[in-house]
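First to last, the sequence lines map onto chains S, L and R. Read in this note's numbering, the first sequence has 42 at position 38, and its numbers run on one by one without any break. Read in this note's numbering, the second sequence has 78 at position 74, and its numbers run on one by one without any break. Read in this note's numbering, the third sequence has 14 at position 13, and its numbers run on one by one without any break.
None of these hints come from the bench; they were simulated from the model. The model shown is predicted, which means the values in this text are computed figures rather than measured ones. Some hints here could point you the wrong way.
With a straight-line Cα cutoff of 25 Å, these simulated DMTMM-like cross-link-like pairs (lysine to aspartate or glutamate) come out [as the list claims (entries may be wrong)]: (1) L/Lys-115 <-> R/Asp-19; (2) S/Lys-65 <-> R/Glu-188; (3) L/Lys-115 <-> R/Glu-188; (4) R/Lys-100 <-> S/Glu-8; (5) R/Lys-187 <-> S/Glu-8; (6) S/Lys-72 <-> R/Glu-39; (7) S/Lys-72 <-> S/Asp-37; (8) L/Lys-115 <-> L/Glu-13.
Stretch by stretch, here's where chain S covers chain R in the computed footprint (C-beta under 8 Å, at least three residues) [to be verified]: (9) 47 to 60; (10) 195 to 206.
Just a sample of chain L residues kept apart from chain R, beta carbon distances all over 12 Å, derived [unchecked claim]: (11) Ser-24; (12) Glu-286; (13) Tyr-458; (14) Pro-459; (15) Gly-506.
Backbone N, C-alpha and C fix where the C-beta goes; we use that ideal spot for every residue, glycine too.
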Amino acid sequence: MTSEHIVPKSTYYAIFIILLVMTYTTVQVAYFDLGPWNPVAALVIAFFKASLVVLFFMHGKYSSKLIKLVILGALFWLGIMLSFTMMDYLTRFMG
Amino acid sequence: MTTAVLPRENYLNTDYRLRSWLLTTDHKRICILYLLTITMFFAIGGAFATMIRLSLVNPAGTLVSDETYNKLFTMHGIIMVFFFLVPSIPATLGNFLIPMMIGAKDVAFPKLNLASWYIFVTGGCFTLWALISGGVDTGWTFYTPFSTLSSNTNVSLAAIGIFIAGFASILTGLNFMVTIHRMRAPGMTWFRMPLFLWSMYATSLIMVLGTPVLAITLLLVAAERVLHLGIFDPSRGGDPVLFQHLFWFYSHPAVYIMIVPGMGVTSELIAAFSRKRIFGYEFVAFASLAIAVLGFLVWGHHLFVAGLSIYSAMVFSLLSYLVAIPSAIKVFNWTATLYKGSVSYATPMLYAFGFIWMFTIGGLTGLFLAALGLDVHVHDTYFVIAHFHYIMVGGAIMGYLGGLHYWWPKMTGRLYPEGWAKLGALTIFLGFNLTFFPQFILGYMGMPRRYHVYPPEFQALNVLSSAGASVLGIGYLIPLVYLLWSLKYGPIAGDNPWGAKGLEWTTTSPPPTHNFAVTPIVTEPAYNYAGEQEESRVG
Amino acid sequence: MTSQAAVAPPRALQHHFDSLEQQRDVATLGMWIFLVTEALFFGGLFTAYLVYRSMYPHAFAVASEHTLIALGAANTAILITSSLTMALAVHAAQEGNQKSIIRFLVFTFLLGTAFLVLKGVEYTVDMRDHLLPGANFAIAGANPGHAEIFFSLYFIMTGLHAIHMIVGLSLLVVIMYMTSKGRFSKEYHAPVEVMGLYWHFVDIIWIFLFPLLYLIDRHK
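Chain S extracted, bound-state conformation (with noise of 0.2 Å):
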């Protein structure tokens, strides 16, 4: 059982002002041409942004180890359908 903790508003608006920033910045970097990395650099961009917002917002910071399982288990599981499905289409005309 997990006693309630209060994030303080300053933190809130801390992530706040950089989910912006990082909004602004994949905007940008998109204008650029980084050859095959454009996807890798939108992607891990959304990801930082996604995970400030499970662990702050979403209080995941602050959660039981339960949750940050559950929270876990739900990429771990996401990872095996992308990746398992991926393994196929990538190596369909291989060899």
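Following the hints, complete the assembly by docking chains L and R onto the known chain S.
Only chains L and R this time, still in chain S's reference frame:
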């Protein structure tokens, strides 16, 4: 020995009005609601099976038209999978027993539990509407592009019905997971829980993680049909195999939703009727979780001949072999439990034996199918049909009936007639094997599945199979009759007719609405039969 | 464990729980698990997107250029702001400040509505530009079938997201009503927290949708 009487106030007799049933939030009453509903669906699915087996007696297929035959096997599959097998044990026995086995008053979200039933019924209504207004002919697997572009049957309606019913499954799984995590009585640690709860937890995990993917897949099929999108249309660059990936990402774990609860029941039955703790308790518990996780890694074995990359197929084949291991561990542990146990042969135990035997056959034939080379030969033949019916009928339904018989006294306060029950179990066992064993041979000989007409050399085995199906049908009617009979005329059961361990047996039969007069405090391990054996040796 | 003294249970405590703390734990765990199901629900669409983007990179890039990046970016900023106001509403609930709860819920509601208005504008323009899959679909510079697959996914993913927004807005109204009736306090405000979890999740989905749909290849 005192004469047993029904408890004066229990969950069944507190209120007889219809609205007290339709608005109940009592998990035990919700079990009964589901029990009635899924029995009805089983009868409908069984009626389709009857038509299929009647049709297959004749190689020329003169009983029904080709189109009708396609609809028969489609609707049989849809109803049996989504409206009988997936809910069966979880929604009935799971609902009834989970709070009782952990010493809780109800599940975590009682109103959501009731909502789940209504959602299930709504999904069922949509699907029945699809059935009555013309049927569906795509197979329960809805493969594209036939389902999205060519079929002119009620695909979207059926897809929506299953989509809705899927939500019931998700919400039930969610409810069970939270209940088991957060509502155990004092002293009920994870490793003191009966193995049935480990199985229900693993099943709930699969329901929660897999069903949403089925939901989006069916939504895409309906959207493609209605809005003429091209996501699965080859002429526009769509890949039909993508549908199969998404569909089987759920539907393979779904088969574990359908069998793991039966395994949980079997653990309870073997322990109770050997009067012994399950051998290797921790191994069986972790095996349930292992099946849940590994079960998500093997779906590609349904796509072996669909155009999957050969490298991907090899990975899926290897993983499919791995997933058999935890199931095998369970079978070894059940068998080891019997050794030096005080074994008795009441009907639930007969069903448990039947489960172990036929699940093993079904599971082993799964390994045949997991082998890439062999699968090319037997894919889409009756070998596959025999394989999954051995697991789903010989396994899951036997597990369900065994559990129903074992906990029937707890749920109703009455004993069923043991003689008739044994006859029913035997009839089902014989009828089942007569129906489905010939199908292994038919498949190996090359008879394709979903074929309305077939070469005459396959007729003898088909007739044998259909004869078996009629015996099986009678076998299912026998319990239906005597279980209903027992509600009025069965002997009063008393709190613990089996002398079994487990919190559910410490309260009355039927239990009061709030399950326990006082919240139990747990100090013993599960299946603590050893404690009493010590006593009898000393005394 | 808990003493069965003469203290009456709090009005908000449901009969099958031992304490408000257990009840709150159960509510948040339940919502988190529900959000996992939502993640896998959208995940199927992301899988389809990933597969087709890897198969038709050129068509996807050309199609993506036709999305309205200014509106998409504005909507991203709007949703992020709405997550801030939602978090501040939960904060107010933790402090038992009824007026602030309602104020921040109203802000969240208005921002969510603004999102949907802009989305409606976008859809209208898209339809005018023949980007709606179907008989009128037309695009230049790419294989039309492959580009149509992009837009099928675009409309389904953003459409499903919009439906979740509408549900979120309806739930916000319910929570606002409950707040106005004085149902919440420092001790009991789990529904506000659980509402917040749902709202943030819908924001996270958009955080991924935006770069994947709008920013594939803007540097050509």
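Checked hints:
1. L/Lys-115 <-> R/Asp-19: holds, 18 Å
2. S/Lys-65 <-> R/Glu-188: Between S/Lys-65 and R/Glu-188 the Cα gap is close to 21 Å, so the pair holds against 25 Å.
3. L/Lys-115 <-> R/Glu-188: holds, 23 Å
4. R/Lys-100 <-> S/Glu-8: Holds, at roughly 21 Å.
5. R/Lys-187 <-> S/Glu-8: holds, 10 Å
6. S/Lys-72 <-> R/Glu-39: Holds, at about 17 Å.
7. S/Lys-72 <-> S/Asp-37: Roughly 37 Å separates the two Cα atoms, so the pair is violated.
8. L/Lys-115 <-> L/Glu-13: Measuring from Cα to Cα gives roughly 23 Å; hence the hint holds.
9. 47 to 60: holds (count 6)
10. 195 to 206: Three-residue rule met by the region 195 to 206 of chain R, so holds; n is 6.
11. Ser-24: The claim stands: L/Ser-24 keeps its Cβ more than 12 Å from every Cβ of chain R (closest is about 16 Å).
12. Glu-286: Non-interface label on L/Glu-286 holds, nearest chain R Cβ at 25 Å vs cutoff 12 Å.
13. Tyr-458: holds, 37 Å
14. Pro-459: Nearest chain R Cβ is 39 Å from L/Pro-459, so the label holds.
15. Gly-506: Consistent with the label, L/Gly-506 stays out of reach of chain R, its closest Cβ about 20 Å off (over 12 Å).
Hint compliance for this structure: hint 7 is the single one not met.
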